[in-house]
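All chains should be built: construct the whole structure from the sequences, respecting the hints.
For the record, the sequence lines run as chains Y and X.
So for the first sequence, my numbering puts the first residue at 1078; every next one is plus one.
So for the second sequence, my numbering puts the first residue at 1078; every next one is plus one.
No lab work stands behind these hints, which were simulated from the structure alone.
A quick note: this is a predicted structure, and the numbers were derived from the prediction, not measured.
Careful, some of the hints might be misleading.
Which copy is meant is left open, because identical chains are indistinguishable; a pair holds if it fits in one copy or across any two.
[Unchecked claim] Lysine to any residue pairs mimicking SDA-like chemistry, simulated, CA-CA at most 25 Å apart: (1) 1279 <-> 1193; (2) 1279 <-> 1328; (3) 1279 <-> 1329; (4) 1150 <-> 1195; (5) 1170 <-> 1154; (6) 1279 <-> 1327.
2 protein chains.
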Amino acid sequence: MTEPAYVAVDWGTSSFRLWLVDRAGQVLAERRSDEGMLAAAKAGFAAVLQSHLAAVEAPAHLPVLVCGMAGAKTGWVEAGYVDTPAPLAAILKHAARVPGEPRDIRILPGIARRDARAPDVMRGEETQLLGALGLEAAGEALVCMPGTHSKWVRVKDGTVAHFSTFMTGELFSVVSRETILSLAVANADDAEDIASFKAAVKAAYDAPAFAANLLFTARSRQLLFGGTPAAARETLSGTLIGVELAAGLSGSVPQAGITLIASGRLAMLYRHAFDALSVTVQPIDADEAVRRGLSMAAAAIWTS
Amino acid sequence: MTEPAYVAVDWGTSSFRLWLVDRAGQVLAERRSDEGMLAAAKAGFAAVLQSHLAAVEAPAHLPVLVCGMAGAKTGWVEAGYVDTPAPLAAILKHAARVPGEPRDIRILPGIARRDARAPDVMRGEETQLLGALGLEAAGEALVCMPGTHSKWVRVKDGTVAHFSTFMTGELFSVVSRETILSLAVANADDAEDIASFKAAVKAAYDAPAFAANLLFTARSRQLLFGGTPAAARETLSGTLIGVELAAGLSGSVPQAGITLIASGRLAMLYRHAFDALSVTVQPIDADEAVRRGLSMAAAAIWTS
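Have a look at this one:
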């Protein structure tokens, strides 16, 4: 086995992932846990990180590069923002060093859109973008990054021109668990109902103003016509994603289509959603993208 | 004091209101509590009603007329639905008698829109409509009834042609309490910020697809530019109401404007929202409307 060169950490709001990486960018060990920013703010960021470093037997001198919400004001050490228009290369130059640590630990900054009419922030997605598009990407990309807080990002020649956050994932979570619609989706099995999902995507895309009504049909349809809890769940999911797509696709779409950076079930759902609207996507795995972005940044900071 | 002629009850999901009324429609006594359908389903509907009847010293023979969620499948006795197109007069003819009670207790039916593409249901609002518009209303009205589940109703010559439910109030509740935006509105004082509210209404009305993004700006604006928790709260409220209005006003609007049936703070907010869009409203108090509707129904059932 080769020697480790650095540790890469994707530290989100509710998840923690760590990779031990060699000079060639190969992963030597991996850790995943739910000790995200919210949990780590209680347990202590240094203690959480140290427990995972010990578990992968990281040498004491090994540097650590972090991206994500650990760099937020409410995180470990505030890593600030690079403002739009933000060259992806600028991210590498503004990593914040964690003070008082014997080890070299740095946190990458986020990106801010300091527009009073449409202010916005991201943390972690800039590193995914770096990994997905690279530093020298020529041309224009419209990137969809689904999640708790989905991001739609327009990148021109390696620079983030602007972006918007949509609370789609978090809305799905509270709407399906905390509202009257929880009755409609209760005890839903995992069986997918892609037809219901695609129909909801199209209906919401065509009439986004009716979102709060289309959500309610998940219940009224069940009351009046029956229907499975799984179908109701797909209606909620499809409605919220359809509204997001109506906004995201409202500007010009590049010839090559949408760059979709996502993993797992979310990647599958969004591929179906774009398919329902006959929009071409270029899929990129989000897990791989963030790891590649951290590797590129670590290489630039420590091995060049 | 005149003799009571009947008891009128508006029994919603989370609220209970009872009026002791004389033959002329004058209120002799009133009760309000939070023993709505959800609480009463546990405590027992008959026991809750009896305690309030005893408190107003209602004679044993006095009949009781109920509207609202007590007539739902998950309520006391299912009162069914009148289907659209639904003459408001038809509601009076389909009250469900509560079996096994010595007293004559009846529950008014709701209205259903049995349209597979846009299914919808209401319970309680049909009685408000009856009280607000009367049985013989000529012409066309577009009625906005704000609430946990806002209703927009098109009534033609005394008949409910169609209607749509918007989960605006419930979305505001869960978004401001259960999502990351709860951080932005935490400790908001009661000071109103009508300018922020109206700006959010207009922004959402103009770009309803961006709803899930406009909500998030309540947080990103605070992170990047500061701003009070009250301003953030008005942004959430204005965004959700603005999207509702974009849908509600998407069809033809009658010459006289929108009939707004609402009470208290909600009435005030919606008047500001319509004002932001320069739309004329005819305001009607919702509390008075439901009481008048129950009185009209009781008169038709028992005193004619």
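* **Violating hint indices (sorted, rising)** => Of the numbered hints given earlier, the structure breaks none, since each of them holds.
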